[in-house]
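For the record, the sequence lines run as chains A and B. End of the first sequence sits at 379 in the working numbering; the numbers just go up one at a time, nothing left out. End of the second sequence sits at 379 in the working numbering; the numbers just go up one at a time, nothing left out.
There's no promise every hint is true.
Claimed, not checked - Sample of chain B residues at the chain A side, in silico, Cβ under 8 Å:
{"no.": "1", "residue": "I81"}
{"no.": "2", "residue": "Q110"}
{"no.": "3", "residue": "N116"}
{"no.": "4", "residue": "E229"}
{"no.": "5", "residue": "L281"}
{"no.": "6", "residue": "L282"}
{"no.": "7", "residue": "V294"}
{"no.": "8", "residue": "I310"}
{"no.": "9", "residue": "R312"}
{"no.": "10", "residue": "V313"}
{"no.": "11", "residue": "E315"}
{"no.": "12", "residue": "N323"}
{"no.": "13", "residue": "E326"}
Unchecked claim - With a cut-off of at most 27 Å between alpha-carbon atoms, the simulated DSS-like pairs for lysine-lysine come out as follows:
{"no.": "14", "chain 1": "A", "residue 1": "K287", "chain 2": "B", "residue 2": "K19"}
{"no.": "15", "chain 1": "A", "residue 1": "K88", "chain 2": "B", "residue 2": "K270"}
{"no.": "16", "chain 1": "B", "residue 1": "K88", "chain 2": "A", "residue 2": "K328"}
{"no.": "17", "chain 1": "A", "residue 1": "K19", "chain 2": "B", "residue 2": "K270"}
{"no.": "18", "chain 1": "A", "residue 1": "K19", "chain 2": "A", "residue 2": "K287"}
{"no.": "19", "chain 1": "B", "residue 1": "K207", "chain 2": "A", "residue 2": "K287"}
Don't read these hints as lab results, they were simulated from the structure. Built from N, CA and C at the ideal position, the CB exists for glycine as well.
2 protein chains.
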Amino acid sequence: MQISVKRDKLVSAVSHVAKAVSTRTTIPILTGIKLKATDEGLTLTASDSDVSIEVQIPSEEAGEWGVTVHKPGSVVLTARIFGEIVRKLAGDEIQISVDDRFAALIRSGQAEFTINGMNADEFPQLPQLEEEKVLSIPSDLLKTMLRQTSFAVSTSEMRPILTGIMWSLEKGQLKFVATDSHRLASRSAVVECAEDLYFHNVVVPGKSCNELMKILDDNQAVVDIVVAENQILIKANHILFYSRLLEGTYPDTSRIIPQGSKTEVVVHSKDFLQSIERASLLSREGKSNVVRLVTMTDNNVEISSNAPEIGRVTEMMTPVSVNGEELKISFNAKYMIDALRSLDSGEIRVSFTGAMSPFVIRPTDHDWILHLILPVRTY
Amino acid sequence: MQISVKRDKLVSAVSHVAKAVSTRTTIPILTGIKLKATDEGLTLTASDSDVSIEVQIPSEEAGEWGVTVHKPGSVVLTARIFGEIVRKLAGDEIQISVDDRFAALIRSGQAEFTINGMNADEFPQLPQLEEEKVLSIPSDLLKTMLRQTSFAVSTSEMRPILTGIMWSLEKGQLKFVATDSHRLASRSAVVECAEDLYFHNVVVPGKSCNELMKILDDNQAVVDIVVAENQILIKANHILFYSRLLEGTYPDTSRIIPQGSKTEVVVHSKDFLQSIERASLLSREGKSNVVRLVTMTDNNVEISSNAPEIGRVTEMMTPVSVNGEELKISFNAKYMIDALRSLDSGEIRVSFTGAMSPFVIRPTDHDWILHLILPVRTY
Numbered sequence: 001m002q003i004s005v006k007r008d009k010l011v012s013a014v015s016h017v018a019k020a021v022s023t024r025t026t027i028p029i030l031t032g033i034k035l036k037a038t039d040e041g042l043t044l045t046a047s048d049s050d051v052s053i054e055v056q057i058p059s060e061e062a063g064e065w066g067v068t069v070h071k072p073g074s075v076v077l078t079a080r081i082f083g084e085i086v087r088k089l090a091g092d093e094i095q096i097s098v099d100d101r102f103a104a105l106i107r108s109g110q111a112e113f114t115i116n117g118m119n120a121d122e123f124p125q126l127p128q129l130e131e132e133k134v135l136s137i138p139s140d141l142l143k144t145m146l147r148q149t150s151f152a153v154s155t156s157e158m159r160p161i162l163t164g165i166m167w168s169l170e171k172g173q174l175k176f177v178a179t180d181s182h183r184l185a186s187r188s189a190v191v192e193c194a195e196d197l198y199f200h201n202v203v204v205p206g207k208s209c210n211e212l213m214k215i216l217d218d219n220q221a222v223v224d225i226v227v228a229e230n231q232i233l234i235k236a237n238h239i240l241f242y243s244r245l246l247e248g249t250y251p252d253t254s255r256i257i258p259q260g261s262k263t264e265v266v267v268h269s270k271d272f273l274q275s276i277e278r279a280s281l282l283s284r285e286g287k288s289n290v291v292r293l294v295t296m297t298d299n300n301v302e303i304s305s306n307a308p309e310i311g312r313v314t315e316m317m318t319p320v321s322v323n324g325e326e327l328k329i330s331f332n333a334k335y336m337i338d339a340l341r342s343l344d345s346g347e348i349r350v351s352f353t354g355a356m357s358p359f360v361i362r363p364t365d366h367d368w369i370l371h372l373i374l375p376v377r378t379y
Numbered sequence: 001m002q003i004s005v006k007r008d009k010l011v012s013a014v015s016h017v018a019k020a021v022s023t024r025t026t027i028p029i030l031t032g033i034k035l036k037a038t039d040e041g042l043t044l045t046a047s048d049s050d051v052s053i054e055v056q057i058p059s060e061e062a063g064e065w066g067v068t069v070h071k072p073g074s075v076v077l078t079a080r081i082f083g084e085i086v087r088k089l090a091g092d093e094i095q096i097s098v099d100d101r102f103a104a105l106i107r108s109g110q111a112e113f114t115i116n117g118m119n120a121d122e123f124p125q126l127p128q129l130e131e132e133k134v135l136s137i138p139s140d141l142l143k144t145m146l147r148q149t150s151f152a153v154s155t156s157e158m159r160p161i162l163t164g165i166m167w168s169l170e171k172g173q174l175k176f177v178a179t180d181s182h183r184l185a186s187r188s189a190v191v192e193c194a195e196d197l198y199f200h201n202v203v204v205p206g207k208s209c210n211e212l213m214k215i216l217d218d219n220q221a222v223v224d225i226v227v228a229e230n231q232i233l234i235k236a237n238h239i240l241f242y243s244r245l246l247e248g249t250y251p252d253t254s255r256i257i258p259q260g261s262k263t264e265v266v267v268h269s270k271d272f273l274q275s276i277e278r279a280s281l282l283s284r285e286g287k288s289n290v291v292r293l294v295t296m297t298d299n300n301v302e303i304s305s306n307a308p309e310i311g312r313v314t315e316m317m318t319p320v321s322v323n324g325e326e327l328k329i330s331f332n333a334k335y336m337i338d339a340l341r342s343l344d345s346g347e348i349r350v351s352f353t354g355a356m357s358p359f360v361i362r363p364t365d366h367d368w369i370l371h372l373i374l375p376v377r378t379y
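Please build the complete structure, drawing on both the sequences and the hints.
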């Protein structure tokens, strides 16, 4: 293998695939990045047990040179060392040549590195997916949907299926649901796909979703999503992102979302967030992190918290509107803060069905987002 | 005690004194910040065993309101909680009132916190220093001097005296020296002081120097330095910074600095730094972190490094000039990188006196800075 490659393109490709490199593995080949040079260009691949990422650097793109392959071939180079070398090299162009014993000579400017590589034949093969279930979505929208749900994923291995985000598609509407059984976040969006395409119970590990978020661009370039038996593939610009799916049946969460409401409070989400953050300052110290919300007769809302041995905090808030029954309810401040921070809406409606029942948070201007939080029993 | 105080002034004062708050202490009062309200304004104080910091908020300054003291008094409030509260409060003005049992009521906007305080009489007294040895220096210059020497302080408790920076003053010239016995950094500057003022062996703990750096502004406002028996005091704008001094006798470092030189290499410091950084990429992985420098017959310099099992790197550099005997020398890349990063000069002169002797790095345009590094024996 012998190539010349544009430095900044290689740096960017390495930083993308590096997200899939195993840091804790006893299998040396998995600490590496596979480089494969063909007539089309250079492909970099990295893989751990959950996620595989492949990035292509084409020979030329939009008139801009990317890579010249003098001699096709492949090698696996230790990700961390290779990554640091390409980042630190001075020239615009990097020459890489690999001999029969997988020693790679990396040259740029006045510097010349020789590092020991590994046989690319030993690198795991990426899954071959049948591209039957394909849908398309703008990159930034997918990123937003992940951001608005991933925080609610369970971190406990007690119920492994809850450590992922459940993706489903019905009637052209993609829906993400995440819950740790104390709170739930859901986000829907219309996508481009075959009219009758349907899937359910596609549970993508939370860790994969977090890595995927880092790779997705903040623009409206369309990415394709391919859903297969045990894998999901996201195809962005020159990047293929594979993740395994979690096995098992995701619980039916639609049943726990209360339909009507007894008390409705509409608030500016930023003001409400700041009140909750202040109230949680002390309760967080006291470990419980419970804040209390009480509707007052003058249509104000009192947010308070009490941490024994530390102190207490009380704050009066004027919501946009308060309707329905009087209410005293306590909840975990962190769940509320996570939900409010993930929202991009100015105004939200909180619908309560009593002090002991889950309550629902929705933006007032659209139905794409729903958060549900279970209250804490304090009486 | 009862006061109204400008929120941003209080936030800034708390963030300054918080640097002296003990995080690991079993004495509750030392986890606190002391607030003292008098007719002059509000004073905040925090203290651990090494460093004490006091910040004043005057009633009024340059026509701008700072604090109104309705009732003088004092209290100690837990630093972390108090700090978070003042940062998160919404209003521009914060009211604090403290009752006889040291419960503090903190109000701003619609929020009202009540937190338990402690008796200020139990807070340690700050040292009373005799202001005999006083000198003045611009804030940014003192900060630079600390930055250019503190990295060379020893982190080993084997020789405790080397864990500090040695400050000395002679003939109006302030000099900082730090060494961990493998490398040395020294920095001098002319300061304003009484003509005959002299001190030596004033060793300020490295940790104190790091905290002091964070407090000093990046401008030319003059700060006063007061040197006393066991303490040093730095007076910046409304801030008093006290540090204890290390006990013991700092070694006489002037004797180990070689006078002449056998080989002199002049380089652009940035190019040289980048070469050394690249060479250290592999050796750092191989744990030894030794790089090798060889002068070539064509007046170039070869920088190389070899890490068994990982690989090797070689780079040819063209210095501004090379004079004197041929040289092959090995040294710890980290020491060289630390020294080069701390320099602000474009061009430096490295003076060698043989492969086994310490070598000296100086800027070519002034004499205020000197770095010394001991080579590593590799033959």
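Discussion item. Output the indices of the hints that this structure fails to meet, ascending.
Written reply: 4, 7, 12, 13, 17, 18 and 19
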